[in-house]
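Number of protein chains: 2
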Amino acid sequence: MLKEWIAEEKPQAKELKERLDAAHEKLAVLQMKIKEHKLPVVVLIEGWGAAGKGSAIGSIIRSIDPRFFKVASMAEKAEEEQRRPFLYRYFAQIPEAGKFVFLDNGWADEICELKAQGELSREEYHSRIDSIKRFERQLTDNGYLVLKFFFQISRKEQKKRLGELEEKKDTAWRVSDRDRWQNKHYDKYLEVFDRYLRDTNVAGAPWYIVDAEEKKWAQLQVLETLCSGIDIALQNESLAVPLLQNVFPLVKMPRLDEVSLDKKIGEDTYKEELKQLQSKLSALHYRLYRKKIPVIIVYEGWDAAGKGGNIKRIAEALDPRGYEVHPIASPEPHEKARHYLWRFWTRLPKTGHIAIFDRSWYGRVMVERLEGFCSTNDWQRAYNEINEFEKELSQWGAVIIKFWVQIDKDTQLERFTDRQNTPEKQWKITEEDWRNREKWDDYEVAVNEMLQKTSTTYAPWHILESVDKRYARIEALKIVIRALEEALD
Amino acid sequence: MLKEWIAEEKPQAKELKERLDAAHEKLAVLQMKIKEHKLPVVVLIEGWGAAGKGSAIGSIIRSIDPRFFKVASMAEKAEEEQRRPFLYRYFAQIPEAGKFVFLDNGWADEICELKAQGELSREEYHSRIDSIKRFERQLTDNGYLVLKFFFQISRKEQKKRLGELEEKKDTAWRVSDRDRWQNKHYDKYLEVFDRYLRDTNVAGAPWYIVDAEEKKWAQLQVLETLCSGIDIALQNESLAVPLLQNVFPLVKMPRLDEVSLDKKIGEDTYKEELKQLQSKLSALHYRLYRKKIPVIIVYEGWDAAGKGGNIKRIAEALDPRGYEVHPIASPEPHEKARHYLWRFWTRLPKTGHIAIFDRSWYGRVMVERLEGFCSTNDWQRAYNEINEFEKELSQWGAVIIKFWVQIDKDTQLERFTDRQNTPEKQWKITEEDWRNREKWDDYEVAVNEMLQKTSTTYAPWHILESVDKRYARIEALKIVIRALEEALD
Numbered sequence: 002m003l004k005e006w007i008a009e010e011k012p013q014a015k016e017l018k019e020r021l022d023a024a025h026e027k028l029a030v031l032q033m034k035i036k037e038h039k040l041p042v043v044v045l046i047e048g049w050g051a052a053g054k055g056s057a058i059g060s061i062i063r064s065i066d067p068r069f070f071k072v073a074s075m076a077e078k079a080e081e082e083q084r085r086p087f088l089y090r091y092f093a094q095i096p097e098a099g100k101f102v103f104l105d106n107g108w109a110d111e112i113c114e115l116k117a118q119g120e121l122s123r124e125e126y127h128s129r130i131d132s133i134k135r136f137e138r139q140l141t142d143n144g145y146l147v148l149k150f151f152f153q154i155s156r157k158e159q160k161k162r163l164g165e166l167e168e169k170k171d172t173a174w175r176v177s178d179r180d181r182w183q184n185k186h187y188d189k190y191l192e193v194f195d196r197y198l199r200d201t202n203v204a205g206a207p208w209y210i211v212d213a214e215e216k217k218w219a220q221l222q223v224l225e226t227l228c229s230g231i232d233i234a235l236q237n238e239s240l241a242v243p244l245l246q247n248v249f250p251l252v253k254m255p256r257l258d259e260v261s262l263d264k265k266i267g268e269d270t271y272k273e274e275l276k277q278l279q280s281k282l283s284a285l286h287y288r289l290y291r292k293k294i295p296v297i298i299v300y301e302g303w304d305a306a307g308k309g310g311n312i313k314r315i316a317e318a319l320d321p322r323g324y325e326v327h328p329i330a331s332p333e334p335h336e337k338a339r340h341y342l343w344r345f346w347t348r349l350p351k352t353g354h355i356a357i358f359d360r361s362w363y364g365r366v367m368v369e370r371l372e373g374f375c376s377t378n379d380w381q382r383a384y385n386e387i388n389e390f391e392k393e394l395s396q397w398g399a400v401i402i403k404f405w406v407q408i409d410k411d412t413q414l415e416r417f418t419d420r421q422n423t424p425e426k427q428w429k430i431t432e433e434d435w436r437n438r439e440k441w442d443d444y445e446v447a448v449n450e451m452l453q454k455t456s457t458t459y460a461p462w463h464i465l466e467s468v469d470k471r472y473a474r475i476e477a478l479k480i481v482i483r484a485l486e487e488a489l490d
Numbered sequence: 002m003l004k005e006w007i008a009e010e011k012p013q014a015k016e017l018k019e020r021l022d023a024a025h026e027k028l029a030v031l032q033m034k035i036k037e038h039k040l041p042v043v044v045l046i047e048g049w050g051a052a053g054k055g056s057a058i059g060s061i062i063r064s065i066d067p068r069f070f071k072v073a074s075m076a077e078k079a080e081e082e083q084r085r086p087f088l089y090r091y092f093a094q095i096p097e098a099g100k101f102v103f104l105d106n107g108w109a110d111e112i113c114e115l116k117a118q119g120e121l122s123r124e125e126y127h128s129r130i131d132s133i134k135r136f137e138r139q140l141t142d143n144g145y146l147v148l149k150f151f152f153q154i155s156r157k158e159q160k161k162r163l164g165e166l167e168e169k170k171d172t173a174w175r176v177s178d179r180d181r182w183q184n185k186h187y188d189k190y191l192e193v194f195d196r197y198l199r200d201t202n203v204a205g206a207p208w209y210i211v212d213a214e215e216k217k218w219a220q221l222q223v224l225e226t227l228c229s230g231i232d233i234a235l236q237n238e239s240l241a242v243p244l245l246q247n248v249f250p251l252v253k254m255p256r257l258d259e260v261s262l263d264k265k266i267g268e269d270t271y272k273e274e275l276k277q278l279q280s281k282l283s284a285l286h287y288r289l290y291r292k293k294i295p296v297i298i299v300y301e302g303w304d305a306a307g308k309g310g311n312i313k314r315i316a317e318a319l320d321p322r323g324y325e326v327h328p329i330a331s332p333e334p335h336e337k338a339r340h341y342l343w344r345f346w347t348r349l350p351k352t353g354h355i356a357i358f359d360r361s362w363y364g365r366v367m368v369e370r371l372e373g374f375c376s377t378n379d380w381q382r383a384y385n386e387i388n389e390f391e392k393e394l395s396q397w398g399a400v401i402i403k404f405w406v407q408i409d410k411d412t413q414l415e416r417f418t419d420r421q422n423t424p425e426k427q428w429k430i431t432e433e434d435w436r437n438r439e440k441w442d443d444y445e446v447a448v449n450e451m452l453q454k455t456s457t458t459y460a461p462w463h464i465l466e467s468v469d470k471r472y473a474r475i476e477a478l479k480i481v482i483r484a485l486e487e488a489l490d
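Line by line, the protein sequences give chains W and C.
Plus 1 on top of the position in the first sequence (first one is 1) and you've got my numbering.
Plus 1 on top of the position in the second sequence (first one is 1) and you've got my numbering.
What the hints contain is simulated information worked out from the structure, not anything from laboratory work.
Don't take every hint at face value.
Identical copies carry no separate label here, and so any pair may be met within one copy or between two of them.
What the hints assert, rightly or not - As a list, the in silico DSSO-like pairs of lysine-lysine whose alpha-carbon atoms are at most 30 Å apart: (1) Lys27 - Lys11; (2) Lys134 - Lys189; (3) Lys157 - Lys253; (4) Lys253 - Lys27.
Chain W extracted, bound-state conformation (with noise of 0.2 Å):
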């Protein structure tokens, strides 16, 4: 599409200056309308180098108040930055609610510069573009407002450009390397910009090519694109969005009341098998660590089913090093403003590390469903949502070990009433844990729904029967092991 598009006509001086004046007044109060209406949006400034993308976004922001916008500047990823999945640092620079977010090179930039410089092959660069399709998706569905500009200039006053930069002492540094092998390489850039921009146009989050040659101009084009596409998303709110179909890969899993829980293990037995199991787990974190293999591991499972103490044992075997535990409450008010999954994007491991989630993510499809903390439509399509999610990981090479820990309803009642009677117990057990008891059969119709449907050949969930707690500990880390075996293989 940007080589068949022809830039309007730029309008006279005066026009300018007041349809500028006039988008800058508006978008004055628009910001006041996002954050009433809670509408977070993001705004992503790709294109040329030196076709002043950074002047442009200086010049917007003018009109909003400090508060409700953030810059964020993508330059080289820093080495924390590499050891995450791509969309990790673009996940991260989300906004809340009600805020702007300005991207000075989104991911558009990243792929095309790698596929210009041929570090991509054809099957990398299109399993880059279902990622950033699905990313966007997952952003637009769940509220946000994505607007993505790319910054045309010829290659002609490209080449001016740079070349005023470089001339004066005080410019010259702006002017790196690859700015100018793009402008060497013009009509190949051309190429990966157009087939990107035609592949990821949708109508979402479509692309507005910008005409950059001269700056004034290029500022309104982005203003009022700006200004009428926050006039439209604030029409919109409370839109529901298709269910997709999962078309990941599912492994059939059994419905939670016809899981036994009669397996036990003696104290001997226990103990013996324990300390040798842990001292292998130990021996593969350091191959792991080695070989860069991030481990992502999931504790799902019912009120005092036994999941910290199973946690423990993982943990025990570990380097401190190497790994994290994330115990998972109700989301901040910084979290909740934004994407249900950020919060777990920004706790990702780095490559070689171990990140254990003492609840996680499904609590989209249990409590928040259960307690109406989100939309119908909003838990029905996190089902998709996650399994993309884990793919995302999962296509970066990480290992993922999800445990539901399951015990039955008399169980519970035992545990409950136990620490309820024994003092350096009871800090263990609040009103909130016999409340949710009385929704067992709805938890356990929620719990069902998400086996079936997120367990999947990537990601595959595993039934701990934990009645018999060290039958359950024992169980957690020949999985693990297991798991590990297989990647390291």
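Chain W is already provided as a structure; the job is to place chain C on it using the hints.
Showing chain C alone in chain W's frame:
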């Protein structure tokens, strides 16, 4: 996505039956809601030969009142259809508001077949994909629910079914050479289908892959997805749609007040030129016919500007077997119930023919805009939709000529008064003409915007100065002749 997909486990017979009954019942209820909310639903049933598409449709429609749906079987293209743009026959089939259309093979099949047979170049394939994405977006943007199903069976199952059909005399005719060829080249088709599904899987019109190894189970998948899709669409009434950027190459147009209206032509010169130009046009018409080039001429202009007489001078020169004039008034109820472009798609000329539109799809951005017959979002979106429509026609090979017949306000008054005072002309003037005249200034704003935004290199506007009607007629003939000569070179 087809290649990664693994079928969900089929439910047990009892559950299957219960869910089928429930889904049929639900659909029966939903059809009334669809009617009530005026939701048009397009259901594409695509997939492998012998996958059971027909019988699935047969089962689904059992729950629907026959007045509320139509099944369109897209078999071989009739000659009529071959001489129209490839989307013509699909656009022609779109349902009225409140009704279903089931397409037994839709547009996916056509493209995939051509691609598998090696009859589309890479560039042609991408161009078709772009056309299809635009088409589907134009439907969903204008309130259509588009559901796309792909019926998947294995190579082995397909072979088995084809064998069974061939064995019996009654069914042998149902197996085509194409089916056999497809089974023989299963892997190739799988590749093509997979690519197509990925390329056209958009949030507004996503794909659902149906496990079609067993009939009832396939029906259930379609029924349940259909119901859930309708549920969601019903929640999204009066949705505002993002305004896409006009990425089509625009030609600069003057504003109406910049057009001089002083051109004149003498009676004698007129007669002479008219005769000469008409005979030239006549000769060109035969050449166009032989070269099978379709021509579309659009007339828009002020009331009493002289459109009728102008069209007459063009038509006189044409062979009546090769052209048609379409006078466009307010839409009929069955037209109003469909996408606003439907009545124009269905009036497209065959290749080699000429269609003259006396008023046209530009009503959307003039009368419909000013009289509030559509929402602001609707007419703002229409500039791009119209450019896309004309792009489709131009890619098909059509010559598109658009006239704005221009007079000033005083001239209109003169002509109105003359009509009023001349008994044989009184039928030409109505109360509405006087009412429209009062809105002259509003119309002028709308016309100027239309001219700026829809004059593309492939379908430019021509302003005809028509204070002297004879001058305008000679000009129109010259412009038409020039455009046709260019196309014939």
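Now for the hints, and whether the structure bears them out:
no., hint, verdict
1, Lys27 - Lys11, "within (21 Å within a copy, 55 Å between copies)"
2, Lys134 - Lys189, "both (23 Å within a copy, 26 Å between copies)"
3, Lys157 - Lys253, "between (59 Å within a copy, 23 Å between copies)"
4, Lys253 - Lys27, "between (54 Å within a copy, 28 Å between copies)"
In this structure, every one of the numbered hints holds.
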